[in-house]
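Protein sequence lines correspond, in order, to chains A, B and C.
By our numbering, the letter at position 379 of the first sequence is numbered 450, and the numbering carries on one by one without gaps.
By our numbering, the letter at position 79 of the second sequence is numbered 101, and the numbering carries on one by one without gaps.
By our numbering, the letter at position 198 of the third sequence is numbered 1401, and the numbering carries on one by one without gaps.
Calculated from the structure, these hints are not laboratory results.
Some clues are possibly wrong.
What the hints assert, rightly or not - Which stretches of chain A does chain C cover? Using the computed rule of at least three CB atoms under 8 Å from a CB of chain C, they are:
hint	stretch
1	159 to 169
2	262 to 272
3	298 to 307
4	375 to 388
5	401 to 410
6	423 to 437
As the list claims (entries may be wrong) - Restricting the straight-line Cα-Cα distance to at most 25 Å, the calculated cross-link-like pairs of lysine to any residue (SDA-like) are:
hint	chain 1	residue 1	chain 2	residue 2
7	C	K1297	A	G441
8	C	K1297	A	A410
9	C	K1344	B	G111
10	A	K175	A	A80
11	C	K1675	C	D1636
12	C	K1506	A	G308
13	C	K1666	C	E1624
14	C	K1297	B	P82
Positions of the beta carbon are idealized from the N, C-alpha and C atoms, including for glycine.
Here is how the chains run, residue by residue.
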Amino acid sequence: MTAVEIAAAVRSGQRLARSVVDEHLGAIEAGEADVHAFNLVIADQARTRADEIDGAVAAGKDPGPLAGVPVALKDNMCTRGLATTCSSRILEGWEPPYDATVVKQLHNAGAILVGKTNMDEFAMGSSTENSAFGPTRNPCDLSRVPGGSSGGSAAAVAAGFAPVALGSDTGGSIRQPAALCGVVGVKPTYGLVSRYGLVAFASSLDQIGPFTTTVADSAAVLDVISGPDGRDSTSIGEPQPPVSDTLGDGVDGLRIGVLAELSGDGIAPDVAARLQAAVGALTSAGARVAEASAPAAVYGLSAYYLIAPAEASSNLARYDGVRYGLRVDASSTPDMNTATRSAGFGDEVKRRIMIGTYALSAGYYDAYYGKAQKVRTLIINDFASVWEQFDLLVSPTSPTTAFSLGERTADPMAMYMSDVCTVPVNLTGQAAMSVPYGVGDDGLPVGVQILAPALGEPIMFRAAAVLEASL
Amino acid sequence: MGQQRITRAECAHVAALARLELTDEELERFTGQLDELLDHVAEVEALDVGGLAPTMHALPIANVLRPDVVGEVLDRDEVLAGAPLAEDGQFRVPPVLGEAP
Amino acid sequence: MNANTLDVPGLGAPADTEWETVVGLEVHAELATETKLFSASPNQFGGEPNTHIDPVSLGLPGSLPVLNQKAVELAIRVGLALNCRIQPSVFARKNYFYPDMPKDFQISQYDEPINVEGWLELPSGKRIGVERAHLEEDTGKTVHIGGGGRIHEAGYSLVDYNRAGVPLIEIVGRPELRSAEEARQYVAELRAILVAVGASDGKMEEGSLRVDCNVSVRPAGSDQLGTRCEIKNVNSLRSMGRAIEYEANRQIDLLTSGQPVEQQTRHWNEDDGRTHALRSKEEDYDYRYFPEPDLLPLDPSTKWVEEIRQGLPPLPRDRRLRLAEAAPSVDVDHIGLAVERSMDELAMVAIGGGGSPERVMTHIVHNLADGFGELAAEALADLVQMEEAGELTATQAKKVLGALVDGGGSPREAAQALGFEAMNTGELEALVDKLIADHPEEWTRFCEGDAKLTGFFVGQVMKATQGRADGKAVTQLLNARRG
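Next up, chain A with everything else stripped away, as it sits in the complex (with noise of 0.2 Å):
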């Protein structure tokens, strides 16, 4: 059952939330130990939810849309009492006391948190590798990867495990997962969905956002975590029409655009022969499907590269064993920030950390920063005029199909370029959703990225839609 099938019948009764979510644990028991999608399952928690929502139910009450869905939740988002890892040995033992803004958005339309998945250590990585507690395997394939980095979160919708998990994307942490996986996978718009209780990577550009397996239920989702929030700055001030509302509208007389910048140099023939045959779908759909450009997007890893490391060093700089987490103890406080951080870090994050430090530093900050960031308004300056032409743009979500575990692992580069699609929108601001499109030649799922305007969530889904069906 989808999230929105299981929603309606939770809540006119025909079903039980109860035996939704001893379902979902049942598939969680079964499949867990191979997959390895979470790093805490909260069975007997989700039990009593979903008795509070029969119960609620019973008495007539509406426990709200997602009633009785449960809901996997990436483990860097803050959920009041369970532990919260990122997946790094840093935050070990760390319980938040205080839950993430999209947590109780979900708690309080019905949804059920059924556990915290796995992820790439502080979602630095692209394939889950980088995880203190151990790979992620991609349901499709149990020798590849998910993607990453929120690999747990779209191996656990993939698997079956839950409906619905939440990620989070900085640089395609949702989109090239979700394409890997063969599910759906949505980067909102940023300042959409609120970041309050979003352990931070890079906090201009990380966004939550949902995996599910259909387009329906993504747009169920979003719709109940996008909207305002004063407890983020960056939130967008203004609540926004619910996606779901338009998703059967087509894309008759849409002007897309095949981003020629995404969709050429690198990308596996097999993945490029099913981007042409979704271009196909929506021109049958009543689309105008015609070759875009945005020059500046090949530059958007490399901005991407310097800007999210360098706002990470600061982010993570808190993880000093003051405060919480792990110490490693030592004489004076500054040898134990330094004991404490190279135990409690792996190779990824402080490879960043390193990047990011050196790119602030004295006499570094004009030549990578500051010029990172003026290449990205130049991105965005280009997006800009291909939204003058065009309604919405599409690509490849990743260059390949799933890769094979440790494939990549000793050659950072190699993996940095799994994000080459994807991390032009981050840089941008702009929504971006990947649809599962078929397989490719090893018979794994390939997806197909939609790119639109900022809080062009709308038209957006109403493609994914179209993609859906086609199939």
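Fit chains B and C to the given chain A structure using the hints.
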């Protein structure tokens, strides 16, 4: 292949600034990896962006303010619950050695 | 000696060189808001450690800052009162590790502060430039345990984050002060402005006003600045004055003995009355400032700034001008003191109520140093009028004033309660006549014009009346008897 963009010594300096201690092996490896990344991102050096303002936020919003009204505070037990070491309602740390820089 | 040190002004200066002290002050003031700069936990002095805390002020993972509107308004008030230009501003992160900083970075304003290019006028009329006055968050507090509480010898430290996130305004003055006394006047004036506009309570002893002093010296007449040292840990106006004087002398001693001044941060030690080196310029920290991505730019509208300007109370400078106009014969220092003590309003009302400006100001400057308690301005006016009518002597008036400060009420009742009934004229005449008869020799000399004898007779009257008589009235009576 261009010249080396970051030296081992610079890499060690950056690690110290970030309060990270690297083994010789890590320092060697990270220096090479950082150098490779800096070499890749050097493509932006050639771009003419002189007339452009840097983008700090993708969305053009300003003046987000909250009213000066007291809200909920955390119980001290919650504040100290995660502390590696606490004493007298405070966080205990080893000697700090000196004033803040 | 290398080429570098040759540039230091004063090196090799003749022994009789006159030196000029140059001081620039950086003042941090806690803003009087209800809540912290970026979160809703209370901004309150004291309290049990770690009880004014929310996820933001503890820097918990996932927490985000949201700017306090009141703090911005207070910062603009300060900017306007210091004649600054109010401009669009950006918050930045200042990155450094220290346990009292929950995020290991401080949110401050760096290259785009809210207030720039202002000035402050000292009571003397001299204007001191204000480079900037920007918003930033305070840190927590660290207590050092063991080793006598000294930072370098402590066994361990304890951290309390109640103060973390309290809004501060940092006012950076230009190096245009020329003495410890001018520095004292500057801080006193600045404090008066901060209190007047409601921005801060200005309490140095509670740490809500903190001053760092940049001190350098140069040969008098030079237009170049010498190498400066920054002095931290001055906790009162008095210790600031001492610290500046000590530091200037230290630098002069160095230069006159041919040694260069090293650019340093130095710590004032109240106990030994000296400054001690904390760190030198070479160890300058790389703070890696960059714009705070969790906060948006601040661009106060002209309308808002104008509203704030309209709502500003009279500033100390305006109040000094007003009081000087009402009491034109009074010394400017005394006018300044009355305003500094916030007694100018009392003085204005008392003068307006008929008290002579000189007597009113005498009481304010000399007799009310510890505050005016329950004293009402009308009562002060009445008291001064009673003095002028000869109903009270200066000594009596001072005692009555003390009673009014303690318990309020009218001066007439207070004088009665103290037994200060004015002597009636007949009583005084009888006494004077008796004294003339008892001291014929002195009286003759007085009649011959020896003015010293006035004091003798007045003194005798005072002695006999235990100070109840009015000296002026006695003099008048003596003159009348002489004819």
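### Message
Next pair to validate is K175 of chain A with A80 of chain A; report whether the Cα-Cα distance is within 25 Å.
### Response
It holds: about 23 Å lies between the C-alpha atoms, which stays within 25 Å.
### Query
Taking 25 Å as the top limit, are the C-alpha atoms of K1666 of chain C and E1624 of chain C close enough?
Judged against 25 Å, a Cα distance of about 16 Å means the pair holds.
### Query
Given the proposed pairing of K1506 of chain C with G308 of chain A, does the C-alpha separation stay at or below 25 Å?
holds (22 Å)
### Query
Straight-line Cα separation of K1297 of chain C and G441 of chain A no greater than 25 Å?
It holds: about 16 Å lies between the C-alpha atoms, which stays within 25 Å.
### Coverage assertion for the stretch 423 to 437 of chain A with respect to chain C, Cβ distance below 8 Å, three residues required
holds (count 5)
#### Entry: Pair hint K1675 of chain C and D1636 of chain C, alpha-carbon separation not exceeding 25 Å
holds (16 Å)
### chain C over the stretch 262 to 272 of chain A, status - at least 3 residues with CB closer than 8 Å
This one holds; 6 residues, not fewer than the three required, reach chain C with a Cβ under 8 Å.
#### Entry: Proximity test - 8 Å, beta-carbon atoms, the stretch 159 to 169 of chain A to chain C, at least three hits
holds (count 5)
### Query
According to a criterion of three or more residues whose C-beta lies within less than 8 Å of a C-beta of chain C, is the stretch 401 to 410 of chain A covered?
Holds, because 3 residues of the stretch 401 to 410 of chain A bring their Cβ atoms closer than 8 Å to Cβ atoms of chain C.
### Query
Do three or more residues of the stretch 375 to 388 of chain A come closer than 8 Å to chain C, measuring C-beta to C-beta?
holds (count 5)
### Task
Three residues minimum, CB to CB under 8 Å: does the stretch 298 to 307 of chain A make the cut for coverage by chain C? Let me know.
Holds: 5 residues of the stretch 298 to 307 of chain A have a Cβ under 8 Å from chain C.
### Query
Do the alpha carbons of K1297 of chain C and P82 of chain B lie within 25 Å of each other, as the hint requires?
holds (24 Å)
No hint from the list above goes unmet by this structure.
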